[in-house]
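> Go ahead and model the full structure; you've got the sequences and the hints to work with.
Listed here are the chains, written in short residue letters.
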Amino acid sequence: MNVLACVTALLLGSTAYNQTFDAATIAYNQGDYAAAVSGYEQLVREGVADPAVFYNLANAYYRQGRVGPAVANYERALQLDPGLSSARRNLDVAIRQTQDKLARPLAPGWHQAWLFWSASLAPKTATRVALGCWWLFFAFLAVLQFKRFPYARATALLLGLAVVLTGLSAWAKNHPPRLAVAVADTVAVRHGASEADTLRFELHEGDRVVVEAAYSDWLRVRTVDGERGWAQANALLLVGPPYPAFDPAAASLTAVSTDG
Amino acid sequence: MGRLRFASLLTLLLLAAAGAYAGTLTVTTVPKNPRLNQAFSILITASGGKVGDLALPEIPGLRVQHPPSTMNSFQYVNGEVSSKRELSYRAIATARERIEIPALEVSIDGQLTQSAPVILDFTQGTPVSSAPPQGHSAPNVGTDPDAPPRDDDALTVEDCLFIESKVDKADVYQGEPVLLTLSTWRIIHREVATGAQRGFNASLPTTEGFYVVNLDPVRGQSERNGIPYEVQETRLLLFPTGMGEHVIGGWAFQGLVQQQDPQGFGFFSARSGRAFELNMRTEPITVNVRPLPERPTNFSGTVGVFTLKSSISRDNVYQGTPFHLDIRIIGEGNPDAVGAPKLPEIAGAYVGLPEVTSDSQTHADTVHVTKWFRYAITPSITGDLAIPALDYVYFDTQEAAYTTLTAPAYTVRVTPPPGGSARVVADALGAAQSASIQVLHEDLEQAILAPGPLRSARGLPLGVAVSVAAPPVAYLGLALVMGRQRRFAGNRALARSHFAKAKAHKRLSAIPQAAQPAEALSRTLIDFVADKFDRPAGGLTAQDIEHVLHEHEIEEDLTQSILKTIRACERVRYASQSLSQEEVRALLDATELNLDRLDAALKKGGGR
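Protein sequence lines, in the order shown, are assigned to chains A and B.
For the record, in the first sequence the residue sitting at position 146 is 1609 according to the working numbering, with numbers rising by one throughout.
For the record, in the second sequence the residue sitting at position 455 is 913 according to the working numbering, with numbers rising by one throughout.
Since the hints were derived computationally from the structure, they do not count as laboratory data.
Take the hints with a grain of salt, since some may be wrong.
Unchecked claim - A few chain B residues facing chain A, derived, Cβ under 8 angstroms: (1) 795; (2) 905; (3) 914.
What the hints assert, rightly or not - To be clear about the criterion: a stretch of chain B counts as covered by chain A if any three or more of its residues have a C-beta under 8 angstroms from a C-beta of chain A, and this derived list gives those stretches: (4) 865–872; (5) 971–982.
Every residue, glycine too, gets a C-beta built ideally from N, C-alpha and C.
Shown next as structure tokens:
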């Protein structure tokens, strides 16, 4: 693909996406939440991963009374832009509407210990910071080819450490723990990946869990308090990335039997 | 008369004294009534003055270990020495009969003393064959418990050690426990030692589809077919998690049966005989798990036998102050499958997730479970807060039916907090904020209207990939260049040699325009050789060049070609001739060729 075609596609694509966004936003403001959801979901299906899209989509779902997909999309928006305070506030509002009000599962211990400083960075920002440190490190090494400085080795070491930390942060930001949100009224979580297995506990719409493993159309999930079990995949919406679109029909067909 | 009486009295006294020191011989057994096949001791005690030789004769039906252990003791009483001698023989009876230890005779102080015979009754008990056990290490799953008792000498290897696995029930409901017992039967016999083969690591059978609880092992003794055994039981409580047929795998055990030498008695003196290996495996056991009957809508998922207790921490609280509702489920069942009670809706209060504590203990053949569910309830209104009764439905395995346990209803008096009323906010743990209450905006923040250019994020952006790859590549290039420069700076010969060809070609390109092309060509070739071999360029003659090339073992053909070119250029120079364009061209080509050949030869290592 030559450069001109690439640039053209970018520009045209960008324009088309914004048009879809604007149309969906107009529908939202007019109270046609179904049309707004449809428009925003179309952008998601086409691979547009923008915090504004997810935020507005979440608002539209919330207005429709669908707390589960609303929570999931607020989480997506915050993943891409942790500083989006309106998304954080709206997420709190949505969580309060859930039955269990489960807290978000915590990040892994190493993440909390070593990367706490990057909590408020968006993935793109973290990536840019990491690249900047990467360039700075090699630029310093290049300068050392011409001139030696006192403490050059220590400085190189420090820069290397900065590269490692920022690189780790960028990687972690772009590969967050697999979160999922329950989108059915009641989600049975069982001992095994089968309808015949004994019920272990239940999730309710809007509950957030970490996905640990997948088997067939089942997911092994873990709640914030460490409870584990298997739930049907179509009863959960993965926060991502990637960002699957929400299929209301699939969620409504999910077995909601809570019997053991 | 008086003398006669004195003599009689003295004689009597002497006789009495003699009688007091008369020897005795006794034979006893320890234990007093030994059993068949039980080792026992025969004690022969001879006491008196001087004891003669004493020994136990051969006794039919009795195996006696020789020599005996002996003990001698002496006493000195009233000038008289008395001695006591004890002989202890280890013996064992192997035939079911009455055996008599005959009266023994020994000389004590010159007098023959006799012991009383001892009758031992061995007509009870199981005899042991004196022949080695029959059979070989064939798989064995145990002897028939209903077979008549053995009363012959044919004891097989399989009788000495066998294993069993069994379940208490093979048809259960889902969640109902199954007791799996794995037994090892080891014969109690002094001539047979049993155990596991060296290097064998016991493992439990597969129990896929079951949640397993280990119970305490049980040891004991039992008898089968009249043979005494030591029995060790490993017990597992299995809770099926699915329905249908579940198979408990076979249990494998690699045993060893070793015959003890009949002549060896006791632990320290037994000598080992033949050994037989037994590779045993039980048959798999199929358990049929039936689905629970049609479940009521409020079934908790719990299966077993349980009771319910409930309580509240306080019945009088402030608005916004949480209190606890504790519900305890106590009973027997799978501790991991005791479901949480479903609290009914409590109007005017926020109910957090329960705090769950579980305690389970194995006891005999079951698991006692106590599971606490503590709910934090925060009233958001004042007045009487009604906590409705709670029904807990579980499947009772004893009754084979669903049973409902009920926690009673409670009423909690809620009073306004000190400092006036306020709307409270409770977090997931039920803790309430008091004085500084924040009023919540239940409505949402507005939508974003202008997000900026939207793009599809599919695929790794090219820019990121280039940004990552570019610095190390650029640095590597720079490092190589700088490294080469430093090498050249530190090694003049290397630098001259490296740049010689380029320098020579550059000079050759200017030859056509040179005033004296022959001299320029000659100098170029000579300077090239000087650079390549790090010689001073000025003053080098053709002869020097020849010497240098021979020194470095350049092939003769090339050497002569170079010399020919140089000499040709010198002849032209010394003859002050002018060359035509063609002649210049020819010389130039020859020079170029020689340069390239010499350079190639040096790269190939043709010269030193």
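> Please go over all the hints and tell whether each is borne out by the structure.
How the hints compare with the structure:
{"no.": "1", "hint": "795", "result": "holds (5 angstroms)"}
{"no.": "2", "hint": "905", "result": "holds (5 angstroms)"}
{"no.": "3", "hint": "914", "result": "holds (4 angstroms)"}
{"no.": "4", "hint": "865–872", "result": "violated (count 0)"}
{"no.": "5", "hint": "971–982", "result": "violated (count 0)"}
Figure legend: structure checked against the earlier numbered hints; hints not met, in rising order: 4, 5.
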